[in-house]
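**Q** Make a model of the complete structure from these sequences and hints.
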Amino acid sequence: MHHVVSSSFDEHQVLHDLKHYLPSQAPLKDFIHHNSLHAFDDQPFFEALRHASAIFGYKTSLSLEEYRSLYHQGRISDDILLHVLTREAGEQAGEWRTRLLSTPYDDPAPPRIGALRARWKQHAAVDLDAVVHPLLFRVVCSYLDQGIAIWRFPVAEQGFLEALRTLERSSMSSLFQTRRARSLLMNSACHLPDLLGILVGDRVWYERYLFDQQFAHQGWSGLISAIEDHPETLLIPRPLSLHDLVVFECLLEIDALESALGHSWEPLSAHLRTPPEGLFAPVLPDEKSEALRLWQLSFEWSYFDQVLAGLRQLPPLPPSQPTGVSGPRFQALFCIDDRECSFRRYLEQLAPACETFGTPGFFGIETYYQPDGGKFYTKVCPAPVTPRHLIYETGAGTRNDRDPHFTRHAHTAHGGWLISQTLGYWSALKLFWQVFMPGAGPTTASALRHMDHTAQLVVKSDEPPTIQDGLQVGFTVAEMADRVEKVLRSIGLVRDFAPLVYVVGHGASSVNNPHYAAYDCGACSGRAGSVNARAFAIMANTPAVRHMLHARGLVIPEETWFVGGLRDTTRDDVVFYDTHTLPGGLDTLHAEINLLFEQALDLNAKERSRRFEMVNTARSAGKVHQQVRLRSVSIFEPRPELNHATNALCIIGRRSLSRGLFLDRRSFLNSYDYQQDPDGIYLAGILQAAAPVCGGINLEYYFSRVDNEKLGAGSKLPHNVMGLIGVANGIDGDLRPGLPVQMVEVHDPVRLLMIIEHQPEVVLAILAQHPATAAWFALEWILLVVAEPETRSLYCYQSGQLVPYHPVTRHLETIPDLAPLLASRQENFPVYLLHNPSL
Amino acid sequence: MTAFLPVFVLIPAIGFCISLILPRHHERLIAGLTFAVVTLQLLAVVILGSVWLYQGHPVTDIKEIVLYRTAGYEFFIDLYVDRITMVYLVVGTILAFLVIRYSHHYLHRERGYKRFFYTILFFFTGYNLTICAGNLETLFIGWEILGVSSFLLIAFYRNRYLPVKHAVKVFSIYRIGDVGILLAMWMSHHLWHENITFQQLLNYERVHEHLAQHSWTGTFISLMLLLAAAAKSAQLPFSSWLPRAMEGPTPSSAIFYGSLSVHIGVFLMLRTFPFWEHQHIMRVATGLLGLTTALVTTGIARVQTSAKSQIAYASIAQIGLMFIEIALGWRHIALFHFAGNAFLRTYQLLISPSIVSYRIREQFYEGPQPGYTAAFLPPRLRLTLYILSLKEWNLDSLMYRLLWNPLKWAGNRLNFLTHDRVLTIVIPAYLLGVASRWYEAWLPGWLRQGLPVLFAAIGLMLVLKSFTARHKVRMSWLLILMNHYWIALAISFNEYFEMEHTLLYLSGITLAGLTGYLCLAWLNRRESLDLARFHGHIYEYAPAAMIFLLACLGITGFPITPSCIGEDLILSHIHEDQLLLAGVVALGLIVDGLAAIRIYARIFMGPHIKTYHPSAYRSA
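The listed protein sequences derive, respectively, from chains A and B. Counted from 1, the first sequence has number 1050 at position 87 by my numbering; the numbering is strictly sequential. Counted from 1, the second sequence has number 522 at position 307 by my numbering; the numbering is strictly sequential.
Since the hints were derived computationally from the structure, they do not count as laboratory data. There may be inaccurate statements among the hints.
[Claimed, not checked] DSSO-like cross-link-like pairs, simulated, lysine-lysine; straight-line CA separation at most 27 Å: (1) K384/B with K606/B; (2) K1084/A with K687/B; (3) K606/B with K623/B; (4) K1393/A with K1586/A; (5) K329/B with K278/B; (6) K329/B with K687/B; (7) K1586/A with K623/B; (8) K384/B with K1251/A; (9) K825/B with K384/B; (10) K825/B with K687/B; (11) K1084/A with K329/B; (12) K623/B with K384/B; (13) K384/B with K687/B; (14) K1084/A with K825/B; (15) K384/B with K1084/A; (16) K329/B with K384/B.
[As the list claims (entries may be wrong)] Covered stretches of chain A (chain B as the covering partner; in silico rule of three or more C-beta atoms under 8 Å from a C-beta of chain B): (17) 1134-1145; (18) 1179-1189; (19) 1367-1380; (20) 1519-1530.
Note that CB positions come from ideal geometry on N, CA and C, so glycine has one too.
**A** Below is the structure:
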């Protein structure tokens, strides 16, 4: 972007730039992970860290002390440190080692942002933030409110500024203290340059001033910017632009200054003797930033090197399952989500004849969904996609059970009088139950609620298709065949179909959790993946679809049946859909497999529980599982599950590439068979989805972890829900975008390492064709390693080249039995080889 | 039964003391102890409460310990139980029991885990002492504990800006309530000529006889009690503090501001009802206050768009109704209302984070719910009311304008009083004052009349100066100390009494003053300090912060030193017709507390000035 101080002020450009830098988090119900520093993603990773830190005061890496302590704990390996230093610093590796380990460095300088506007306080002794923010937030939140206030903002449909004008015109009170601000609103067009002329004076500083002003409350500004871009995210529509927010804030500032200083105050530039440093002036690397970079590389590669060594050391598995392995044979498709990593491992361990696959959890079905009785459509596919289809549900039971404690009458004087003396006593009992015997209730956000398993899904379209609100209801046969084919081919499931193929989406359940949407499937726009999984199975079981696939060379045997399902990642429960339609003979097989799922779920819950300090992992899997289930319905549990915490890897390749490695639930797993895709056409599609989705999740965790106060949401314990759209601390605070500390505290801030199984030259060719995707790797926001399928040689992507990589780690330990290890400690484990994983 | 009464205060108090010495990182031990304490308390309440009921719920009063006795004055701890106490005891114990159990998991891994639990126990001790108090003096001690523990829990996230700002704000309003009680205590000494117990207030003839002679005095006492109750229970014009107190972890907001702490004003009204039952002015004033509060805050509650502030204002409106109920004499309804409201608001606050998924689902399936529109009003009035409610009727800025601004204005007028001048003028003047006390008999009568007010005013001036100082931390601290010395001197002119009283008053204050001074001097050698901004030094100097906090409490007459009794004793030497002197001294004591807590907040709390670790935005 172009940043020079110029005497012209291009309002549109400045607002556009502002929106670019503000956090872009949608309202709570549509929470989607994204790179917190997305505004800097046109720079190389470490350069971006430096700039973001100097400009906005973010802490963008661990501190030197934290790195040093990781080193002393052995979590940064000395070998890797030396390796990294030799590679990066050559001859000076020794000196750098001393610096890294013991040189003290100064604390960071105060950030550039805010330096200009701070002059009000210095020169005029007016604390604008303290006066303006509370009223600004309150008015904006009342305007946007989605259903907390009983008395909603009147005349809101006119647009924000017009609504304010009506409010001022038709009432005897005013939001302003002084006549000047009010008359500017009522009698002028409120052109931004005019208002800034009053406040700032010299045009040169307008842009800077607006950055300072909006970044003093980046939570609200960012949310409003997101709402401006996606107004449909609000169920109760509220047109509001960043421009209108800025205008109102400028008016409130004029009001505050006028009220504190009288009529004779000068604009800010009159006080400006020494201009502040340019906001976007380049930030040059210094010794400290270099030290932090080297530490970060050492930290990342201490883990990645083990993973790569593991890939090299794994005994090669036969590409397809050997015959003669005992147990039922089935195949199961899951989301690429890192939370499926361990579950798939247990399933494979319990049923050695099964095969598991990973593909983004919307299963290629981009659609809107309308539950039975729902007044709105819900998007259930990756956020950037705009679906043209609608799937709806019929015949569902009621799911809007009530909790009288949320009744609006409790908040009025007369209603409250009655309710406090009746329901109030019931509250004490209710609280007693919830504290000592937690159970699900109307307050729980349950994964199962998304779709009723007894209801029907309308997936197939009429002939000709019906159009409803511009969306096509259901999919035609050709459309269904396209989607089924694309998914099956991309994961390499094109032959050897087992009698039962499971398609399992995922969702989460929690209570008392405003961030509930962040726990569901990211590939389904923060919803559970049940609709997509079930719809996929319905499509793949449709004879006409199979017929068409057959014609395209993808033969699914008639005996094969697809079963949709949903796994609750919090409770470790699974439900299967439409099992009553199973063809005869498959019921018993399904029942047998269902038992295996149950066992795998128990074991998975046990493995997850090792991160929960208050659960004793050493107990039997069944008992541990029961305790884990309880977390999802306990109102006092701020960590129902740990979501994507500790994610570090994304493996795109055949299962045989990593089956047998213990990756500690840290890997996204996307199935892909290079043999089915010699030109990398499907791979390109996978990368286009996986890089932003997995990269976004990884980077949001990274930044929320290293600076939980500015880039994360802080502790969730004092959070207060504002207007159903965001959380703030207390009642006067700014919104807190990002992830709360309870979600990220166990996360190791490392970038994502993507491992692709294919020929290096094919990968390079794909990257050359898709520059937007390639930028993630070229600028090192995601690290990339290519594993050559035949030889398992490894190539690391560096400055546009694939350079051979030889792991430093020589030997990995083999673990015969996981159970004692899991109960031993909470921290991340190194990579282990699993003993004889095919049995 | 009588013998068991102290148990209700001792269990939490002992628990609090033990909790202080537990290891900081041992969550299980900390939560376990706290839970054991409330469980024990619950058992005690159930068993002893049943016995008490079985015995026909007798009103019981015991004089526990006499802390100080002199001619015509006795400061004693007195415990008392009646229906009101029992209801508050049962509700408080049940809620503490549930909320502490809740917090055991909820606070897991939070920085300040131990601090949270010992502050809760400290609060619980204060609560039980307040509701079991048999006289104003005992009640005052519990009342002070409630104030300090509130401050600590609001500022639980002590390195963020807003929690600290709001904690100081709430403390300042509590301070008004404190002085209300102090003045009520002062006047009742003169009314009864002894430290009266609540049980004696039940004696209608006796109360009536005294009030008939001194109706003005009675009204004054009642109004001071109403002031204290209004401040503590967030009635007008103080209401805006309650939502702003919701800065700590949700369970602490639930138990403090949803239920127990905020209903203490109601308790005070119920407890002193026999005293003002026959004062019509007082009953009308209480009823009107409750009515206005209920009307205004129910409007404010309707426009709130944050889950917690909505509950806070809804709760204030209910408390307003309780004030009406008490004014009408419906004390049992008020008690019943209190218990229901406390349970309801606690639970609502605890499940408030669920409101997002709940309401979104409700809207998804039923469409946006029709809102309230105040349709019965003409449109112009309707919108006016909306704006006023949105701006909380300017209550927050009103508090600022009425309380802080005049003090700041006055303090800034004292800029001529440089620190050098303080040293060169005020100290010699003080010595002159002490000397003239020696030769008092030689002074003309009009001068002797005027001197106490003059001296108290000098003290007030000094402490105002301290309150507005932006630099010179140690000097500001000493100015607070000097205020007490001037007050002592002023009163010593007022009446002949023994030097011992003055010593009692100044002993603890001086000790606290020296401790605080040393603490600041020690820190000053390590860091640069001023009062123009927050420093957040507690991040690195937690032990020093603790010592300094104790010094702040000591210097403001908190019941950890004998000065607490001394303060009450000294006040009793102001005559009932010396309203000006009492006013100046009281104002001095208010500002004194504010100035001390301001120094503590500015030096030790707020965003840390060092940048090596993440810190939140000021607006966060």
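**Q** Would you mind marking each hint as holding or not holding in the structure?
**A** Hint check:
Taking the CA atoms of K384/B and K606/B, the gap is near 18 Å; set against the 27 Å cutoff, the hint holds. For the proposed pair K1084/A and K687/B, the alpha carbon gap of about 21 Å is at most 27 Å, so the pair holds. For the proposed pair K606/B and K623/B, the alpha carbon gap of about 24 Å is at most 27 Å, so the pair holds. A C-alpha spacing of about 26 Å is found between K1393/A and K1586/A, which places the hinted pair at or below 27 Å, so the restraint holds.
Taking the CA atoms of K329/B and K278/B, the gap is near 34 Å; set against the 27 Å cutoff, the hint is violated. Restraint check for K329/B and K687/B: not satisfied, since their Cα atoms lie roughly 34 Å apart, outside the 27 Å limit. For the hint pairing K1586/A with K623/B, the CA-to-CA distance comes to about 63 Å; that exceeds 27 Å, so the pair is violated. Restraint check for K384/B and K1251/A: not satisfied, since their Cα atoms lie roughly 41 Å apart, outside the 27 Å limit.
Among the hinted pairs, K825/B with K384/B is consistent with the structure: their alpha-carbon atoms are about 25 Å apart, no more than 27 Å. The straight-line distance between the Cα atoms of K825/B and K687/B is roughly 21 Å, inside the 27 Å bound, and the hint therefore holds. For the hint pairing K1084/A with K329/B, the CA-to-CA distance comes to about 38 Å; that exceeds 27 Å, so the pair is violated. A distance of roughly 14 Å separates the Cα atoms of K623/B and K384/B; the hinted pair therefore holds under the 27 Å criterion.
Among the hinted pairs, K384/B with K687/B is consistent with the structure: their alpha-carbon atoms are about 23 Å apart, no more than 27 Å. With a CA separation close to 20 Å, the supplied pair K1084/A and K825/B stays within the 27 Å bound. At roughly 21 Å between alpha-carbon atoms, K384/B and K1084/A fall within 27 Å of each other, so this suggested pair holds. Between the alpha carbons of K329/B and K384/B the distance comes to roughly 25 Å, so the proposed pair stays at or under 27 Å and holds.
Chain B is given as covering the stretch 1134-1145 of chain A, and this holds because 5 residues of the stretch bring a CB closer than 8 Å to a CB of that chain, at least three being needed. Three residues within the 8 Å Cβ limit are the bar, and the stretch 1179-1189 of chain A against chain B gives 4, so the coverage statement holds. For the stretch 1367-1380 of chain A, the proposed coverage by chain B is satisfied: 9 residues have a C-beta within less than 8 Å of a C-beta in that chain, meeting the threshold of three. As drawn, the stretch 1519-1530 of chain A meets chain B at 0 residues by the rule of a beta-carbon pair under 8 Å; below three, the given contact is violated.
Of the numbered hints listed earlier, those contradicted by the structure are 5, 6, 7, 8, 11 and 20.
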